[in-house]
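In order, the protein sequence lines correspond to chains G and Y. 264 is the number that full-length UniProt numbering gives to position 264 of the first sequence; each next residue is one higher, with no gaps. 171 is the number that full-length UniProt numbering gives to position 171 of the second sequence; each next residue is one higher, with no gaps.
The reader is advised that the hints may include incorrect statements.
It does not matter which identical chain is used: a pair holds within one copy or between any two.
Derived EDC-like pairs: lysine to aspartate or glutamate, alpha-carbon spacing no greater than 20 Å straight-line [claimed, not checked]: (1) K202 x E95; (2) K205 x D157; (3) K283 x E310; (4) K9 x E222.
Rather than coming from a laboratory, the hints here were simulated on the basis of the structure.
There are 2 protein chains.
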Amino acid sequence: MPDSKEAKKLSNQIEEINFALNDGMIVQVREMLSTMPSCDVALLLESSRSRTRSEIWQLIEPEQYSDVLEDLSEDVRNGIIRQMVPEILADALEEMDTDDLVETLSGLPEAVSQDALSSMDEQDRQRAEQALSYGEDTAGFIMNTDTVTLRPEVTVDVILRYLRLKGNIPKGTDTFYVVNRNDELIGSVPVIALLTARPTVKVEKLMTQDSVTVPVDMNENEVASLFERYDWLSAPVVDKENHLVGRITIDDVVDIIREGAEHSMMSMAGLADEEDTFAPVIKSTKKRSVWLGVNLFTALMAAAVSDMFEATLSQLAVLAILNTIVPSMGGAAGNQTLTLVIRGMALGHVSDSNARWLIGKELAIGFFNGVIWALLIASVIALWKQDLMLGGVIAFAMMINMIAAGLAGAMLPIMMKRMNIDPALAGSVILTTITDVVGIFAFLGTATWLLL
Amino acid sequence: MPDSKEAKKLSNQIEEINFALNDGMIVQVREMLSTMPSCDVALLLESSRSRTRSEIWQLIEPEQYSDVLEDLSEDVRNGIIRQMVPEILADALEEMDTDDLVETLSGLPEAVSQDALSSMDEQDRQRAEQALSYGEDTAGFIMNTDTVTLRPEVTVDVILRYLRLKGNIPKGTDTFYVVNRNDELIGSVPVIALLTARPTVKVEKLMTQDSVTVPVDMNENEVASLFERYDWLSAPVVDKENHLVGRITIDDVVDIIREGAEHSMMSMAGLADEEDTFAPVIKSTKKRSVWLGVNLFTALMAAAVSDMFEATLSQLAVLAILNTIVPSMGGAAGNQTLTLVIRGMALGHVSDSNARWLIGKELAIGFFNGVIWALLIASVIALWKQDLMLGGVIAFAMMINMIAAGLAGAMLPIMMKRMNIDPALAGSVILTTITDVVGIFAFLGTATWLLL
Chain G
1 MPDSKEAKKL SNQIEEINFA LNDGMIVQVR EMLSTMPSCD VALLLESSRS RTRSEIWQLI
61 EPEQYSDVLE DLSEDVRNGI IRQMVPEILA DALEEMDTDD LVETLSGLPE AVSQDALSSM
121 DEQDRQRAEQ ALSYGEDTAG FIMNTDTVTL RPEVTVDVIL RYLRLKGNIP KGTDTFYVVN
181 RNDELIGSVP VIALLTARPT VKVEKLMTQD SVTVPVDMNE NEVASLFERY DWLSAPVVDK
241 ENHLVGRITI DDVVDIIREG AEHSMMSMAG LADEEDTFAP VIKSTKKRSV WLGVNLFTAL
301 MAAAVSDMFE ATLSQLAVLA ILNTIVPSMG GAAGNQTLTL VIRGMALGHV SDSNARWLIG
361 KELAIGFFNG VIWALLIASV IALWKQDLML GGVIAFAMMI NMIAAGLAGA MLPIMMKRMN
421 IDPALAGSVI LTTITDVVGI FAFLGTATWL LL
Chain Y
1 MPDSKEAKKL SNQIEEINFA LNDGMIVQVR EMLSTMPSCD VALLLESSRS RTRSEIWQLI
61 EPEQYSDVLE DLSEDVRNGI IRQMVPEILA DALEEMDTDD LVETLSGLPE AVSQDALSSM
121 DEQDRQRAEQ ALSYGEDTAG FIMNTDTVTL RPEVTVDVIL RYLRLKGNIP KGTDTFYVVN
181 RNDELIGSVP VIALLTARPT VKVEKLMTQD SVTVPVDMNE NEVASLFERY DWLSAPVVDK
241 ENHLVGRITI DDVVDIIREG AEHSMMSMAG LADEEDTFAP VIKSTKKRSV WLGVNLFTAL
301 MAAAVSDMFE ATLSQLAVLA ILNTIVPSMG GAAGNQTLTL VIRGMALGHV SDSNARWLIG
361 KELAIGFFNG VIWALLIASV IALWKQDLML GGVIAFAMMI NMIAAGLAGA MLPIMMKRMN
421 IDPALAGSVI LTTITDVVGI FAFLGTATWL LL
């Protein structure tokens with residue numbers, strides 16, 4: 001990501017605001033903030049330290065609260081909400097669209113969420129509770145309920161008159177949905193079609209049927225891949241009886257797509273929970289410690305395998321020197337396979353029918369890798385340490401570990417998906433354990449067998 | 001990603017088609033393919049082995065070629081194009097929108113691309129060459145040139161009549177752009193506004209000015225983050241003199257967002273080029289070998305550091321057993337920092353003004369991690385090997401390596417971005433080198449110093 005005009009602009013804004021805050025120039029900061037679009041204010045908050053965030057928040061106009069809160073990531077948003085009185089928070093929540101409202105509420109601690117709900121007015125509280133009743137990460141959770149619906153027997157000119165009176169059409173409306181008396185979805189009309197239709201035409205003549213609908217309980221990642229595959233701008237959400245309950249727009253899905261694509265990368269580093277680049281030190285240290293603890297355990301396991309061969313190591317110190325090479329290569333190769341398969345699964349390429357072939361392919365790659373790198377390392381070591389037998393030992397261990405790495409890298413994520421475990425999270429640590437243990441065992445074991 | 005209805009449906013389709021192909025039931029497969037939407041045919045091809053892909057391609061109707069090719073990833077698409085005669089390829093290319101056309105052409109080998117261009121008709125070839133003249137990865141490259149423009153003095157009813165006559169309005173049109181006699185962009189009118197406006201109103205009364213425009217040479221990733229930040233569905237693209245040259249729609253940007261988010265993960269595993277989950281074995285092995293070669297080099301470097309302490313290792317075999325622990329922990333902690341900073345940079349959180357604070361924060365986390373894990377590993381080792389001094393040695397080495405890991409994990413990506421090198425690619429291998437070398441040196445060095 002080269003330094004862009006946008007990035008420089010943000011950098012300058014942060015500097016300006018920091019200087020102004022340091023000099024106590026409150027009025028100036030308040031003015032700067034009021035001219036910035038909410039999404040930029042949110043980006044500014046995300047890029048600042050906690051202390052600065054609080055100072056900046058004090059200077060934001062209450063009318064802007066809901067828009068800014070909508071654009072913040074969960075950790076940052078919760079940190080700010082902690083400083084808000086329940087009534088002020090309730091006011092901000094009432095301004096939000098339903099999908100942003102429930103996303104905000106569901107990320108809060110139970111007590112804070114309850115306080116806020118009880119301070120909201122009746123209609124908005126019901127709106128929130130209805131949406132919260134759907135599971136988190138479902139279509140019902142991310143949808144909006146402000147859908148404009150049409151009746152099939154109505155003519156275009158009546159609709160246009162209604163829209164003119166209504167004034168405010170929900171953002172992102174590219175399609176109107178047609179429902180019957182029972183609120184069941186029977187078709188859809190693109191806004192463009194209304195634009196070019198003759199005024200006396202009835203809606204039922206314009207509408208298309210048979211479009212794919214989104215069940216209210218569908219997982220949000222599935223919704224996102226449907227949007228991506230079919231190039232949708234919006235989609236209707238229906239319940240089991242085919243009643244229209246809401247609609248999902250592309251802007252919500254874009255966030256899901258990006259987070260989903262990042263999720264694998266973050267999980268593989270053990271950062272599944274960490275969203276806030278500028279969280280306080282103690283908080284970050286705590287969040288990362290679980291993963292480091294697991295890693296320590298696997299490192300000790302590898303050491304325990306080496307321990308089994310203590311006698312061998314004390315007799316041939318050169319083995320101690322070379323001991324890290326085979327596990328390291330196995331880890332790198334296995335990680336490639338793991339990453340590729342996880343990505344393939346996310347894109348929907350991998351299914352039951354081709355999983356077996358994929359595992360076989362990665363096994364074959366493991367074999368070829370094994371041959372190539374075994375020959376290479378054998379030559380290097382034989383020359384370096386003037387020992388042909390040693391070269392043979394490390395070559396043999398390399399072959400075994402590369403095959404194991406390819407096999408594990410492909411099988412682990414597929415097995416975990418079947419067991420409903422996040423393949424990125426567990427796959428990464430289990431893979432390293434396998435390549436370390438197999439690598440050390442193969443190397444030291446072969447050395448013990450052939451050299452002693 | 002739980003097994004979904006969509007995934008099962010694809011799995012069944014692949015099975016059905018494979019069975020039908022094996023039984024030579026060509027007619028049946030051809031029929032199945034003709035009923036599937038192009039994006040599903042593309043997904044089917046992506047999820048099949050090369051041999052099956054060729055068989056399937058023979059059975060797809062030529063009318064579907066352009067739509068299917070548009071939806072394929074570059075590697076898969078190039079593999080299929082290799083089997084196409086230039087004239088047939090040219091026909092398919094002529095059907096494509098400009099952005100898909102240039103993306104396809106630019107991914108092909110020069111000779112194939114030239115053959116295809118010379119077989120295309122004049123108008124389409126000019127269209128392609130104009131778009132190719134912009135750099136790859138710029139707004140000009142991903143934009144479409146089929147923009148409907150309005151003149152400010154025209155009234156709404158004239159426009160509606162024109163649109164009715166025109167019939168086919170480009171997909172994804174949510175906004176019409178207003179230009180003056182010189183084709184300079186002067187404003188925009190949302191389609192919805194046209195819908196609810198009185199027929200005698202002039203466009204200039206409806207249009208909004210001052211909207212953010214996309215310069216034709218802006219990097220596509222910047223374009224994508226603007227779309228994401230401002231929730232755009234489309235954006236006008238202008239040249240230096242503010243002439244409207246095209247528009248970009250959200251569906252193009254969605255692909256860029258996903259690829260961008262995946263890119264870091266793929267790069268960190270050394271898979272920057274590999275898109276095809278089901279590529280042939282030899283091809284995959286070749287693509288991954290560069291990374292594995294670099295990894296072998298770093299592994300040998302770490303072994304060379306151990307080599308410096310051969311005397312120590314031969315005297316104390318227990319050091320050989322514990323030698324992998326400190327580098328392993330450093331690598332895990334450093335990888336967390338690296339991943340988080342890379343993501344922070346991708347989201348636009350990190351800029352010149354807060355980079356220093358971020359490095360300082362990760363240094364502090366490295367220190368705390370160092371203390372925590374040093375104490376823990378010291379206790380474990382002291383108990384396991386009944387040697388307090390040994391515990392102290394490994395604790396000291398752990399402290400040093402954790403601090404180095406935190407520092408490197410934060411500084412590397414920031415430095416590389418400044419040098420315009422992809423931080424994910426290089427950062428990962430350089431980080432491992434640092435944590436391995438520092439870890440081994442600290443451990444064996446301290447052991448030599450204190451125990452001998």
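Going down the list of hints, with the structure as the test:
For a Cα distance limit of 20 Å, the shortest separation of K202 from E95 qualifies neither inside one copy, at 35 Å, nor across copies, at 33 Å. In this homomeric assembly, K205 and D157 come within 20 Å of each other (Cα to Cα) only inside a single copy, at 14 Å, whereas the closest approach across copies is 22 Å. Within a single copy, K283 and E310 get their C-alpha atoms no closer than 40 Å, and across copies no closer than 41 Å, so neither meets the 20 Å cut-off. Within a single copy, K9 and E222 get their C-alpha atoms only as close as 36 Å, which misses the 20 Å cut-off; across copies the closest is 13 Å, which meets it.
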